[in-house]
Amino acid sequence: MTHAPSLSPTSPAATTTGGFFARFRSAPSEPSFAKRVQFSSPYLPYLFLAPQMAIIFIFFYWPSVQAIQSSFYLEDPFGFGSTFVGTSNYTDVLKSGEYLGIARFTAIFTAAVTFFSLAIGLLLAVKADGVIRGNATYKTLLIWVYAIAPPVAGLMGMMMFDQHIGPLVRFVGLFGWDMKVGLNYNDTAAAMIIVSVWKQIPYNFIFFLSGLQGIPVSVREAALMDCRSGFRRFWTVILPLLAPTAFFLLIINTTYALFDTFGVIDVMVKDKAANNPITLVYKVYMDGFRGNDLGGSSAQSVILMIIVFVLTIFQFRFIERRVHYN
Amino acid sequence: MAQINITNVSKIYAGGVEAVKSVSIDIADGEFIVLVGPSGCGKSTLLRMVAGLETISKGTVEIGDRIVNDVEPAERDIAMVFQNYALYPHMTVYDNLAYGLKNRGTPKAEIDARVAEAARMLQLEQYLDRKPRALSGGQRQRVAMGRAIVRKPAAFLFDEPLSNLDAKLRVSMRGEIKQLQKRLGTTSLYVTHDQLEAMTLADRLVVLNGGEIEQIGRPLDVYHTPASTFVASFIGSPAMNLVRANREGNRLHLGSQIIEADRLSSLPTDLTVGIRAEDLRLANPGEQSLTLKIGYVEELGAQRLVHGTIDGKQLTAALSPEIELGDTIALTIAPSRLHFFDTTTGKRLVLALDTPDTGRQAVNKLQAAIG
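Residue numbers (the numbering used here), protein chains in the order written: chain A, 1 to 326; chain B, 1 to 371.
Treat the hints as calculated values from the structure; they're not laboratory data.
These figures come from a predicted structure and were not determined experimentally.
It is possible that part of the hints are untrue.
Claimed, not checked - Just the calculated beta-carbon pair ranges, DEER-fashion: (1) 175(A) with 109(B): 51 to 59 Å; (2) 175(A) with 64(B): 53 to 61 Å; (3) 186(A) with 102(B): 42 to 50 Å.
For every residue, glycine included, the Cβ atom is placed at its ideal position computed from N, Cα and C.
Pulled out of the complex, with its shape left as it was, chain A reads as follows:
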């Protein structure tokens, strides 16, 4: 083992860099890792932040503000003006049995997709990490599903669950399950979850694998000498050390299940008979762009925004506390 030479802020390379960067002087009396950079103008840091802030503002804050504003109005479907209606868009939505049903399904769907995509991704990562011969092939095979666009994934999923030629429908038929995707509410829900999970596994796999490879070999070896049961070693040493990765993925996967499954759902339920499961995001789209009820749709997206906000705060407050960062 060798020690990597530590780069100090006062290393020759840093001081000889001329031109633009030479204007930032690194404080010479700062021995710690924290690099204190002094700018010649106090406005310069904000200039550097500006592109990022502009993107966030234009694509996030501006639409959010617009949504909040229009959620208090009843918009004319043909754009001939709008009427202030106060909170009635919200009360309409929250009193609607249909909306609450969709919210219930969304909760179940999100929980199922997050759980299964994390669990299967982790299982595959642990197994692939243990493979020594030909592990590059395994990894490639497991990762490339991620390169498929969500609508294509939905389309492929539909093929797998096709009433006539779908191999998965035939397979479950062997066990006496007459699966009717697009007709039966529960069957469609199952198919949607399976396709969404399948689409997300590679992403989780990549992160878990890199997380596993970030665990020092010697720590694993020490555990090997301290604990004979591989299962117990996994729960007591490997998994706690993977916690930062798992926490990150939990947030990403929750968001994925809530929002990014839109394409999959669209392909699966579009042009199908009515009573199919959809998630809240799809409902926003349906009401806003199919139903032309922009006010109600905005109210729904604000509600969704609040749900995600609360969920993220909850995750950071209560789950991250148990995460050990190195």
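Chain A is fixed; fit chain B onto it per the hints.
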């Protein structure tokens, strides 16, 4: 407490690279054995095979009369201290120490007692609630030691445990390890590339080179009678001077300079002469001497290392700082202090008579004859 018997152990990697070549070492109960050699000599591989972290390609490893080739590391009744400590970063010091015991189903009260005892021994009592990241390098090292101690294993395995510490801490930890091992009397196998660490810690040291044992012996025996030029140049600091020489009768020609000694006739005419730097001394007037052309001097305080050439051959002498130095200096050495090695094989050549080994060999022969 157990002895360890390593018998004809080899490690052959896929692709046919032989990292360890048929090594046999018998370690007595309570003995402190140090495996020493340059990087890539197979010392860590050998240790890891004993630990069970590497498979054994050939041969057997026995720990206390039980062949452990196919036994899981956790069931070999050994504990290992790793170079980078390998502490569990998410556990407190207490949990780090207790983890191995918990997994073995040790009762809670006994775990508490053993952890407390180890913590007291290693002065870790006030850190038991801390996570490893809140500890200094030396404290982490102690926790790693403690994790081994609480298990009360049959043997300790150390894989360069001190190389991540600074020089001063290394010296003090070296002393602590030595004392601790003596107090506990646990059989220990210790790997290092630092010959000083090897000399100071070992009951017996094993010098490895290219996957093979060059020499096994007590530190001073290895130092005074190195079995080969490799051992001679590896053990001892500064390294032993090795000079190519020709023999004519009882005269050794080092280039144009000559050393005369008795009873050299059994040696080949072409050989390598080994001279310890500290065996060289200033020649009195009229004495046979070698003239060293001084290149540069290293001051060590207690002594002074004079580097120079004798007839173009590099030589280092350890001299008293009081001696005044010019451009050249006349040095001499007692003929009995010379070491001789074969130029091609590098093996030690033994004089027909008058070697430190002869007496012991005679005794051994006698004992063999008796019994």
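Taking the hints in turn, this is what the structure says about them:
Look at residue 175(A) against residue 109(B): about 53 Å separates their beta carbons, and that is inside 51 to 59 Å. Take residue 175(A) and residue 64(B): their Cβ atoms lie about 55 Å apart, and the range 53 to 61 Å holds. Evaluation of the 42 to 50 Å hint for residue 186(A) and residue 102(B) yields a pass: the beta carbon distance comes to about 45 Å.
The structure meets every hint from the earlier list without exception.
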